[in-house]
Amino acid sequence: MSSTASTQTGQNAQRLTLVEAIQDGLYTEMAQDDNVVVLGEDVGKNGGVFRATDQLYEEFGEDRVIDTPLAEAGIIGASIGLAQTGMKPVPEMQFMGFMYPAFDQIVSHAARLRSRSQGQYSVPMVIRAPYGGGIRAPEHHSESKEAFFVHEPGLKVVSPSTPYDAKGLLAASIHDPDPVIFLEPKLIYRAFREDVPTKPYEVSLSEAAVRREGTDISVYTWGAMTRPALIAAENLSQSHGIDAEIIDLRTLSPLDIETITDSFKKTGRAAIVHEAPKTGGLGAEIATTIQEEALVHQEAPIKRIAGFDAPMPLHSLEDYYLPQAVRIQDGIRETVDF
Amino acid sequence: MNMKNEAGNTDLPAPVRQDSDLVQVLDAEGNVLPQASVPPLSDRQLLELYETIKLARHFDQRAISFQRQGRLATYAPMTGQEGSQVATSLALAEQDWLFPTYREHAAKYAHGMELESLFEPLRGYREGYAIPEDVNVMPEYIPIATQVPQAMGMAWGHKLQGKTDTAVLCHLGDGATSEGDFHEGLNFAGVFDVPAVFVCNNNQWAISVPREQQTASETIAEKAQAYGIDGVRVDGLDPLAVYKVASEALEKARNPDPGERRPTLIESVQYRFGAHTTADDPSVYRDESEEEAWRDRDPVDRIEKYLYNEGILDSALESEIQDRIEQEVSEAIETAEQTETSPDNIVEHVYDEVPARLEEQRDELNRLREKYDDGAFSEVLE
Ligand SMILES: Cc1ncc(C[n+]2csc(CCOP(=O)(O)OP(=O)(O)O)c2C)c(N)n1
Ligand SMILES: [Mg+2]
Chain A
0 MSSTASTQTG
10 QNAQRLTLVE
20 AIQDGLYTEM
30 AQDDNVVVLG
40 EDVGKNGGVF
50 RATDQLYEEF
60 GEDRVIDTPL
70 AEAGIIGASI
80 GLAQTGMKPV
90 PEMQFMGFMY
100 PAFDQIVSHA
110 ARLRSRSQGQ
120 YSVPMVIRAP
130 YGGGIRAPEH
140 HSESKEAFFV
150 HEPGLKVVSP
160 STPYDAKGLL
170 AASIHDPDPV
180 IFLEPKLIYR
190 AFREDVPTKP
200 YEVSLSEAAV
210 RREGTDISVY
220 TWGAMTRPAL
230 IAAENLSQSH
240 GIDAEIIDLR
250 TLSPLDIETI
260 TDSFKKTGRA
270 AIVHEAPKTG
280 GLGAEIATTI
290 QEEALVHQEA
300 PIKRIAGFDA
310 PMPLHSLEDY
320 YLPQAVRIQD
330 GIRETVDF
Chain B
0 MNMKNEAGNT
10 DLPAPVRQDS
20 DLVQVLDAEG
30 NVLPQASVPP
40 LSDRQLLELY
50 ETIKLARHFD
60 QRAISFQRQG
70 RLATYAPMTG
80 QEGSQVATSL
90 ALAEQDWLFP
100 TYREHAAKYA
110 HGMELESLFE
120 PLRGYREGYA
130 IPEDVNVMPE
140 YIPIATQVPQ
150 AMGMAWGHKL
160 QGKTDTAVLC
170 HLGDGATSEG
180 DFHEGLNFAG
190 VFDVPAVFVC
200 NNNQWAISVP
210 REQQTASETI
220 AEKAQAYGID
230 GVRVDGLDPL
240 AVYKVASEAL
250 EKARNPDPGE
260 RRPTLIESVQ
270 YRFGAHTTAD
280 DPSVYRDESE
290 EEAWRDRDPV
300 DRIEKYLYNE
310 GILDSALESE
320 IQDRIEQEVS
330 EAIETAEQTE
340 TSPDNIVEHV
350 YDEVPARLEE
360 QRDELNRLRE
370 KYDDGAFSEV
380 LE
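Each protein sequence line maps, in turn, to chains A and B. Take the first sequence: its position 160, counting from 1, is numbered 159 in numbering that gives the first Met the number 0, and each next residue is one higher. Take the second sequence: its position 53, counting from 1, is numbered 52 in numbering that gives the first Met the number 0, and each next residue is one higher.
Because the hints were derived from the structure by calculation, they are not lab data. Watch out, some of these pointers could steer you wrong.
[Unchecked claim] Covered by chain B, per the in silico footprint, the following chain A stretches (three or more residues, Cβ under 8 Å): (1) 84-90; (2) 94-103; (3) 145-156.
[As the list claims (entries may be wrong)] Covered stretches of chain B, as calculated for chain A (at least 3 residues, CB under 8 Å): (4) 113-124; (5) 212-220; (6) 352-366.
Ideal Cβ positions, reconstructed from N, Cα and C, are used throughout, including at glycine.
With the hints as extra help, turn the sequences into a complete structure.
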């Protein structure tokens with residue numbers, strides 16, 4: 000299948016954008032397993048406000064691609080119940096900023112039914128949500144609140160940065176026996192295409208990806224910030240001969256501590272890039288982990304290049320709020336020159 | 000469409016409970032329906048109602064075309080809903096409070112906000128949310144239904160302070176009635192008997208989800224029964240009927256008869272003529288022919304015909320009004336397009352005082368702006 004917008008590159012792969020790869024991933028999993036159901040606001044006939052569930056309603060029908068009433072607590076609570084019957088719900092939260100009504104269901108129940116029931120019950124489900132800024136969206140539509148969920152034991156938190164990973168991580172999330180918060184960087188939903196295999200495949204939920212190898216500094220990031228980090232690294236390699244290693248975490252919880260610390264042991268310097276507010280962000284967790292595991296290798300203070308400790312502004316100022324390549328470059332130089 | 004004309008029932012003694020009835024004053028042609036009672040508005044008030052509705056329609060058209068030109072970001076059109084918005088706001092007393100959603104542009108304007116401040120957030124400037132002290136309007140609510148318990152709370156505060164001459168009017172959509180906050184807010188309103196009026200703008204759609212899929216209830220007004228408060232259904236494309244129902248509900252909120260409860264849930268039955276927002280394409284999920292039946296009952300045409308019939312409006316006055324509103328909207332756009340802001344605004348108003356850490360973050364940004372110039376920050380992130 001599946002997406003009309005995609006370009007065929009032979010039988011084994013299609014050139015897809017990230018959002019098309021999500022759609023293709025959902026299609027692939029639904030075709031393989033009748034228990035996989037998609038539910039949420041406007042996911043059916045409309046195909047999702049970002050078209051992530053495009054054509055699924057037509058293909059699988061209204062019992063498997065379900066337009067629900069407008070109620071996030073209802074969607075997640077119902078999904079937890081559905082999961083108890085052997086179904087594999089993949090609920091969509093229309094935007095990350097609108098997940099909060101479901102917070103109680105997610106943290107008090109989805110995250111801990113396994114531990115509350117001492118392993119008797121579990122909640123295999125994948126909660127998809129577009130997140131992040133940079134698309135000139137109205138207020139409340141640009142949030143990056145991954146740290147809320149990383150803080151909650153019992154949840155896995157995933158964020159792809161490429162079309163290939165989007166499909167593979169989604170498959171691994173759907174096959175995972177525990178609840179996964181699957182955060183989709185909507186800034187890069189349609190930013191670029193790459194080859195995405197038609198066949199089913201998984202990308203492991205326990206491995207970060209080294210996107211660029213380097214020896215001078217380790218830059219940790221994920222989601223939409225991966226691209227400006229790579230751009231910054233290329234610029235700095237040309238202009239200043241700085242060789243940065245870019246690590247895309249992909250799974251934010253549990254963290255791949257081995258890849259994180261191995262890189263740091265090699266470079267001795269680190270910068271963390273995220274668009275969420277700096278204070279209490281995942282950057283703090285990564286920096287502390289590095290210090291716990293590899294302090295003796297450290298040669299400079301660890302730099303956080305993050306959003307402000309302020310609400311995301313409306314779009315006239317969002318370029319200043321988000322870590323742009325220019326901020327990333329400056330932060331890398333500061334750390335390397337220390 | 001399943002609309003009954005039950006205008007005669009509006010004379011029933013309070014509490015008026017018309018769960019499956021629809022209050023109407025005008026027919027589709029703008030004629031007063033037999034037995035309908037026209038709200039007691041002076042010619043001047045009727046013309047104000049008309050002019051504000053016309054302005055709202057014009058504002059809406061300009062905003063949609065501006066968005067297409069890239070001069071505004073996402074805009075939520077109100078086409079077809081202007082009559083109800085303006086009528087509910089004109090029913091408010093000056094001291095009353097308004098809780099709008101992202102769609103209630105005209106309701107905000109009609110309760111005292113400046114037009115240019117409506118354009119500003121759409122252009123990305125938070126300055127438009129800074130509402131002047133003498134205007135009792137809350138910044139628009141985007142997270143669905145969150146305004147409902149807050150409106151209840153404000154009405155409660157007024158009541159606890161003995162200020163029951165102040166009512167609170169809270170807008171919400173049909174989709175909003177599915178959220179927990181809707182239930183909790185209305186339940187509190189009934190329990191604490193607060194001077195609040197909740198207006199559900201049932202425009203038949205919550206993005207792509209039709210009203211029938213939103214609730215198994217036959218009407219939205221009937222949900223009021225579960226909270227022990229009054230529910231009224233009104234033809235939301237009939238500005239006079241909306242004005243009448245809203246004024247009565249507001250009056251009851253302030254001065255209930257013995258044994259009457261103050262709050263009311265008004266279901267204003269409308270239709271979303273346009274897209275959900277300029278980012279939405281309704282042809283994907285609904286049949287365009289559905290719209291036609293509603294178009295025949297357009298609120299702008301109905302109030303206009305009524306005023307012609309009554310001899311209050313003629314073509315000379317109509318074109319005078321048209322010129323005035325076009326100029327007013329153009330001036331507002333010009334002003335809004337001159338709005339400027341500074342990146343320093345990011346850190347302001349987060350707390351009463353900017354914390355030291357946030358000051359550092361601002362200073363760091365300004366250091367980089369000086370070093371690399373502002374252009375470096377608008378490089379495409381993708
Ligand atoms: C809590 C929450 N969930 C989802 C959304 C996304 N969203 C914005 S408007 C909308 C539909 C609202 O429908 P309705 O209440 O009928 O109001 P209308 O837009 O029709 O005026 C949705 C789902 C949101 N803003 N807030
Ligand atoms: Mg609606």
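- Query: In ascending order, which of the hints set out earlier in this document are inconsistent with the structure?
  - Reply: The structure breaks hints 1, 3; every other hint is satisfied.
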